[in-house]
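Q: Single-letter residue listing:
6 protein chains.
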Amino acid sequence: MFFHVQKLINEIIPDEPDPAAANALQEGLGGQFGEMRTMMQYLFQSFNFRGKAKPYLDLIQGIGVEEISHVELIATTINHLLDGSPRYRGEIPANGATPLNIALKEGNIHHFLVGAQGALPIDAAGNPWSGSYVYNSGNLVLDLLNNLVLEATGRLQKCRLYEMTNNKTARSTIAYLIVRDEVHEKAYAKALETLGVQWGKILPIPKFDASKMPEVKRLMDMGLHNQLHHWRLDGSEMSKIFHGPSPAQDGTLTTTQKPPEGAPIKLGEARPEEFAPGLTSELEKLIQQIEAVKV
Amino acid sequence: MFFHVQKLINEIIPDEPDPAAANALQEGLGGQFGEMRTMMQYLFQSFNFRGKAKPYLDLIQGIGVEEISHVELIATTINHLLDGSPRYRGEIPANGATPLNIALKEGNIHHFLVGAQGALPIDAAGNPWSGSYVYNSGNLVLDLLNNLVLEATGRLQKCRLYEMTNNKTARSTIAYLIVRDEVHEKAYAKALETLGVQWGKILPIPKFDASKMPEVKRLMDMGLHNQLHHWRLDGSEMSKIFHGPSPAQDGTLTTTQKPPEGAPIKLGEARPEEFAPGLTSELEKLIQQIEAVKV
Amino acid sequence: MFFHVQKLINEIIPDEPDPAAANALQEGLGGQFGEMRTMMQYLFQSFNFRGKAKPYLDLIQGIGVEEISHVELIATTINHLLDGSPRYRGEIPANGATPLNIALKEGNIHHFLVGAQGALPIDAAGNPWSGSYVYNSGNLVLDLLNNLVLEATGRLQKCRLYEMTNNKTARSTIAYLIVRDEVHEKAYAKALETLGVQWGKILPIPKFDASKMPEVKRLMDMGLHNQLHHWRLDGSEMSKIFHGPSPAQDGTLTTTQKPPEGAPIKLGEARPEEFAPGLTSELEKLIQQIEAVKV
Amino acid sequence: MFFHVQKLINEIIPDEPDPAAANALQEGLGGQFGEMRTMMQYLFQSFNFRGKAKPYLDLIQGIGVEEISHVELIATTINHLLDGSPRYRGEIPANGATPLNIALKEGNIHHFLVGAQGALPIDAAGNPWSGSYVYNSGNLVLDLLNNLVLEATGRLQKCRLYEMTNNKTARSTIAYLIVRDEVHEKAYAKALETLGVQWGKILPIPKFDASKMPEVKRLMDMGLHNQLHHWRLDGSEMSKIFHGPSPAQDGTLTTTQKPPEGAPIKLGEARPEEFAPGLTSELEKLIQQIEAVKV
Amino acid sequence: MFFHVQKLINEIIPDEPDPAAANALQEGLGGQFGEMRTMMQYLFQSFNFRGKAKPYLDLIQGIGVEEISHVELIATTINHLLDGSPRYRGEIPANGATPLNIALKEGNIHHFLVGAQGALPIDAAGNPWSGSYVYNSGNLVLDLLNNLVLEATGRLQKCRLYEMTNNKTARSTIAYLIVRDEVHEKAYAKALETLGVQWGKILPIPKFDASKMPEVKRLMDMGLHNQLHHWRLDGSEMSKIFHGPSPAQDGTLTTTQKPPEGAPIKLGEARPEEFAPGLTSELEKLIQQIEAVKV
Amino acid sequence: MFFHVQKLINEIIPDEPDPAAANALQEGLGGQFGEMRTMMQYLFQSFNFRGKAKPYLDLIQGIGVEEISHVELIATTINHLLDGSPRYRGEIPANGATPLNIALKEGNIHHFLVGAQGALPIDAAGNPWSGSYVYNSGNLVLDLLNNLVLEATGRLQKCRLYEMTNNKTARSTIAYLIVRDEVHEKAYAKALETLGVQWGKILPIPKFDASKMPEVKRLMDMGLHNQLHHWRLDGSEMSKIFHGPSPAQDGTLTTTQKPPEGAPIKLGEARPEEFAPGLTSELEKLIQQIEAVKV
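Residue numbers (UniProt numbering), protein chains in the order written: chain A, 1 to 295; chain B, 1 to 295; chain C, 1 to 295; chain D, 1 to 295; chain E, 1 to 295; chain F, 1 to 295.
In short, the hints are calculated from the structure, not lab data.
Among the hints, erroneous ones may be present.
Straight line, CA to CA, 30 Å or less: simulated DSS-like cross-link-like pairs of lysine-lysine [said to hold, decoys possible]:
#1 Lys-105/C to Lys-266/C
#2 Lys-258/F to Lys-7/E
#3 Lys-207/B to Lys-52/D
#4 Lys-258/F to Lys-54/F
#5 Lys-294/A to Lys-52/B
#6 Lys-168/D to Lys-217/D
#7 Lys-105/F to Lys-217/A
#8 Lys-201/F to Lys-294/D
#9 Lys-52/D to Lys-168/C
#10 Lys-266/C to Lys-258/D
Per label pair, the in silico range of CB-to-CB distance [unchecked claim]:
#11 Glu-269/D to Gly-84/A: 38 to 46 Å
#12 Thr-280/E to Asp-250/F: 28 to 36 Å
#13 Pro-14/E to Arg-218/B: 52 to 60 Å
#14 Ala-97/E to Leu-233/D: 37 to 45 Å
From a predicted model like this one, the values you see are computed outputs, not experimental measurements.
Where is the CB? At the ideal position from N, CA and C, for every residue including glycine.
When you get a sec, could you build the whole thing from the sequences and use the hints?
A: Below you can see the structure in the form of structure tokens.
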């Protein structure tokens, strides 16, 4: 059973809208190595888990639950990058005006035509997310190895995204996910270490001097690259694996008992040029009556 | 942010394995009108929500969170229907034996070949789940109408599944989802009622004498067809909409403050014929050491 | 602009339902070389036609219009093969009954679960029809050659379907389409003949002694393998091409001025086990009022 | 059986070519809520229709036939927007010239590379049309509700397209389809009204002051937003439903007995840079002989 | 540049046709972890290779070339399993006969309807092979890790196939590929060993007592599980990596300088019921003239 | 069995990088009528070949083998067009720099985000290559006709690519493939000629004055438009068909006994901004040790 708190797992820094960056970030949401894949892959692996290796189940499933919050974070980031990008506010435009003309020129036209300046379950090239991305062989060693490759590839792509844009909104989430993908990479590497593998000097993948990416470094200085929360209201055994020396030889792993505070979520404003939410004043009055209901 | 409790939202009744029924249930999991779609559609609609109509956001998102638990429930049900269906237990088979021969004859061969007798993110005809299923126009009235059609179609398909199999494992989850889809249908119908629509006698869709389906009737007698929980650790305004007379004219809607107890989850056993989890005795010993860790 | 008459282009012979044959016929409807492809390919080629070669446009478009009627015919044939295949009639079944159990065993489960014992826009392996099937290069010679390959492949597949089933319903439509695909093949071959190609002895493809297929021979004896109607209410120039000796050296081509009579269409009955159309007696009464309206 | 007249259902206003606008309009042709979907969905629903509710069948099928003409109209509009966009006319270009260079910069490269400056069965993001878009549950109330959502979503997208471009060619067809989608929306809303639903103030969806879109208003002033033709050569019962007060409370619905006049279709010119139709002078002479044939 | 010898890389043992086994083997050909994927993945990785690590390039590319021969082997095996499965030989059947009736009952109908009892580029559930399967991140460590997971998953699936059928034709190729996938797994594991990784006791994946699979053991006794040929006419540096102790601790790796002898390929016979090759006696005579040409 | 020489089948002329041209060339690699399709189609047709017409098998398979080298050539060409397009060389960029910003503006973002400035198995609109492209009906005449249409369409698209870009790198490969597609077109046309077809004046398709494309003319002056090599180490009977007068009436066909010399392949340099190959100095040292191994 799953529960929700209406907060973001990390703060999004405000900046100008940028639909091309929004489109790039779709890879991190709906791409073959994006957050929808990690979320679904770990949930399926935990629903289908075989054998008695409870700490391994709790580790995979705990990361899976964190990924749902990542989906929420990156979708919201994409919204912020899209929202208002047509630089148009107010009423439905008068004759001749083309407030959505930007849609013909930047990013993915579906962000303005199918969605209403909001995130979509697609990748940066417009391919819809596919269930065929989910890997769940049932063989524990293989599932762990695939998870490691998945996290490392996701992190590689986010490092490339970092170098595509310096929009602060985009980078605040990209940097956060570079760090979290690294933690997840280590979690699976550590689990394989318990089964006898030694990683030498290859971790994390990709390996580089993080001081070149100050937004990333800031989060590492806070220790976020070595901490994992279990996201369970009924306790978890994941810490039996996720503790002790990092398999990347850069500190000590910690399973935290307290979830992060979370950042407030700002609701999107109405966009008349998108007919979203598209309410007439008559319908708005009906909604205000509902909001006034006491229950 | 999302949280988890390692329990099922409803109990699964034990019965014989049945891979053909397992395959049929995949439609309810990964089909165009299955639980993965409802979950993703409502989460995207809430992440991309525009305007100030907070109770409507909370309603859509609350149902979305319940759907994650439905994905967990139906995936686990499919596992129970698959697990052990080859009627083979024990070591890797000796020469000449074909313990997985059933895979050539019943259901979807991928359940035995790609997965290890476990659920997959596909429909009953083998199509992988697609992001193109998610509907999120940004227009509130349209999103609510589409959600209503989605729930009613999901319920229609589950009614048809009910008539395809009388396996108790399958039916316990089918019956539960027939009732829950009905509640969600009513939730969206009620939300449209607050905007001025009157439904006459068409609800619920499909409409039939539930006493013909005793497993469904049992849950309705417990009132489950008129109750909704909000699944929020930080409160919810959904009850401003979900209360008062049912739009199907069959009782009173209630938003519950306490989540269900949940049913325990039984972990799948090792299946040597699937090499799942495929651990040698050496690796099993390493895992036992991890399980013995005190943290 | 398009118009309709509620009749079938050829008669369907009644026989027992057969869901496996119905599924096989889906290839002829929604397969890569089925009627939806021919219809869409010729319509796109005619909408996008370049140059002044009017008789060629009229030929391609005229065949395209005939193909819409073929889609209607084969979809209806599939319905007849599916309808009643569960051998169940009457009310929603009582507890324990599984009137749709056949769906787990024969044909494509989607015929019973997604559709209501009716045709779907998919092929015999369950793949949905795709726009990528449509070939329209804009080069006239290439488009004609591709159309010839398309018709010949469609005909080849229908010949194979003929050998898969002897259900009379299935065979009446299969035989008709074998003959019509042959005519269309000749039409494109003849158009290429006007551009200088000589076909030798390779036509029609595939080439065989039609007397082995009596249902086909009966239609050929009526001359249906050498006639084409133009389906235009405002006249057509296609006969400038489609006349004279057949490129398969088996008679004389004729463009007919009168459309076929058409066969009556029998409406499907209600199927309570499918909740289709799923009307309660209250709703049926409302519908009877509408039927009684005089306008 | 289907018939054709070589005329367009509405006039296309000439303007400059615009490949980016052409690409945007592809959503209206081959998108998930475009005209190919409506056409196929209503045709399948009518081929698979169950029960005796003849006026409902005639309504759905009649709209389906109109949609074929919409496919013809929007495909032709896309052609006009693409044709000549490279600003190149005449012979195959000399060495070094790149008459198709525009294809690397604007719209969808497939319009120039796979097609010959002509429409394709894809959406504005390049996804091919898919048979999985077609909804046909067999449950009459659900099919009508889905049709309503489909038309309203199509109309929403066309309103957004209106705000993306002020090219007159594009807008003449966009405006026409905004009005026709509204009529179809009302037709399904009215059909549900006959089954007891009351729509309050939510129709049409989206709802806005049409005087902001003069091209739309002009057509409404002609009454096109409340008229439906049946497109049947053998009569129709659809008027039993489609008459009386509009469910959007904006006038009276009328089923017209006479089809529209139709606008002439201008054939595309040869485009040597596309090798379309790609005829040498030898082949052109052969074609002229065919055109001179008297039959 | 690539070259060919018309021989198979391993012998196929004759046995009865078995279309269900043929369909299962499609996973090994066109599945997400089948031979078409390995072939394309390694070829793309080598075409796109960056940096000076020549032995790594030669290793990846050499395995890629071997995979083309695996595609040839498994496609031919599927043919042998399909060919003659309808138990029909001779002329096109007389009226009433249904020589292809088996297509409605076993395996994938496309094997008889789209192909002519021959292999298709699809998986065991009928999904066409997709370019999205190819992994080529450009990061050397990640590409090697993914290749390892790919080979191990391919081997896991072939082990499961082994347990699905004891048809000798199927098993001769399955056993061969289990052994070759193991060698490729070791090749990538060894390459990662040179970069500092130590694998402990997890290799090969999956790990089991091969004496339970005598067809596999026979090939291992010949040493095939530790040998790799480079398939290059111009020499190769792959042996700099592929030599010395096996990372699975089961012997010594050897790069062979001489390719295997190869087994003769038996051409498929004509199948009149498939109209394949579908030659009339007139056409056969023309072909005999070509065969008699001296050049 | 397949073999390899690490050389390109034709030389690539150096020029500036151009990611938009790289993207356009993807159609020739991974498009529906690109080299991956021709390669796979001819290999499947030869693996599944039926009947005794050995020269026809050898012709189809020989061309298939050449196509693997075409895949190698065009993939490498795309690499050259992408490599260095960000105009960035050296270390990972400092904070604020966005060396991959070009990815948001030109071509396909996946070339920089999923690949590392390297070719992908997709078309110019981003669709992944699909197994459904492969045509192999088993009917010899139809397979030959489809192959002819395939080559002619591939050639048509390459002629259009020629007119999209004058980048010398792009054009050197485009011109080569225009000529080779013409040869393959003639090969299939000739094979059909042996079965009685006469092509008149329609070949080659498309037909134009090649002197307008000097890069093409240069290769034709060398006779490359009438020569075919058999690519077999064990001899071939293809010359029984491929000899004598060209079916395009432009010279004499020759089957060459000696393969082309081949052009050297230049390995891509490391791209730090892509983390490709992403080796730290520690890992580079390990690799140098491997390169120093004597075996």
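Q: Looking only at beta-carbon atoms, does the pair Thr-280/E, Asp-250/F fall within the given range of 28 to 36 Å?
A: The hint (28 to 36 Å, Cβ to Cβ) holds, given that Thr-280/E and Asp-250/F are roughly 31 Å apart.
Q: When you check the alpha-carbon spacing of Lys-258/F and Lys-54/F, does it fall within 30 Å?
A: This hinted pair holds, its Cα atoms lying about 21 Å apart.
Q: Given the hint that Lys-201/F pairs with Lys-294/D, does the C-alpha gap stay at or below 30 Å?
A: holds (25 Å)
Q: Within 30 Å, alpha carbon to alpha carbon, are Lys-207/B and Lys-52/D?
A: Satisfied, since the Cα-Cα distance of roughly 19 Å is no more than 30 Å.
Q: Would you say the C-beta atoms of Glu-269/D and Gly-84/A sit inside 38 to 46 Å of each other?
A: Cβ of Glu-269/D to Cβ of Gly-84/A: about 43 Å, so the range 38 to 46 Å holds.
Q: Return holds or violated for the Cβ distance of Ala-97/E and Leu-233/D against the range 37 to 45 Å.
A: With Cβ atoms ~42 Å apart, the hint holds.
Q: Keeping to a limit of 30 Å between CA atoms, is the pair of Lys-294/A and Lys-52/B held or broken?
A: It holds: about 17 Å lies between the C-alpha atoms, which stays within 30 Å.
Q: Does Lys-266/C lie within 30 Å of Lys-105/C when you go C-alpha to C-alpha?
A: Holds, at about 28 Å.
Q: Take the C-alpha atoms of Lys-168/D and Lys-217/D, compute the straight-line distance between them, and say whether it is at most 30 Å.
A: holds (15 Å)
Q: Between the alpha carbons of Lys-105/F and Lys-217/A, is the straight-line distance 30 Å or under?
A: With Cα atoms ~28 Å apart, Lys-105/F and Lys-217/A stay inside 30 Å; holds.
Q: Is the hinted pair Lys-52/D and Lys-168/C satisfied, with a Cα-Cα distance of at most 30 Å?
A: Distance ~26 Å between Lys-52/D and Lys-168/C Cα, so the pair holds.
Q: Would the hint linking Lys-266/C and Lys-258/D be met if the CA-CA limit is 30 Å?
A: holds (27 Å)
The structure is consistent with each of the numbered hints, conforming to all of them.
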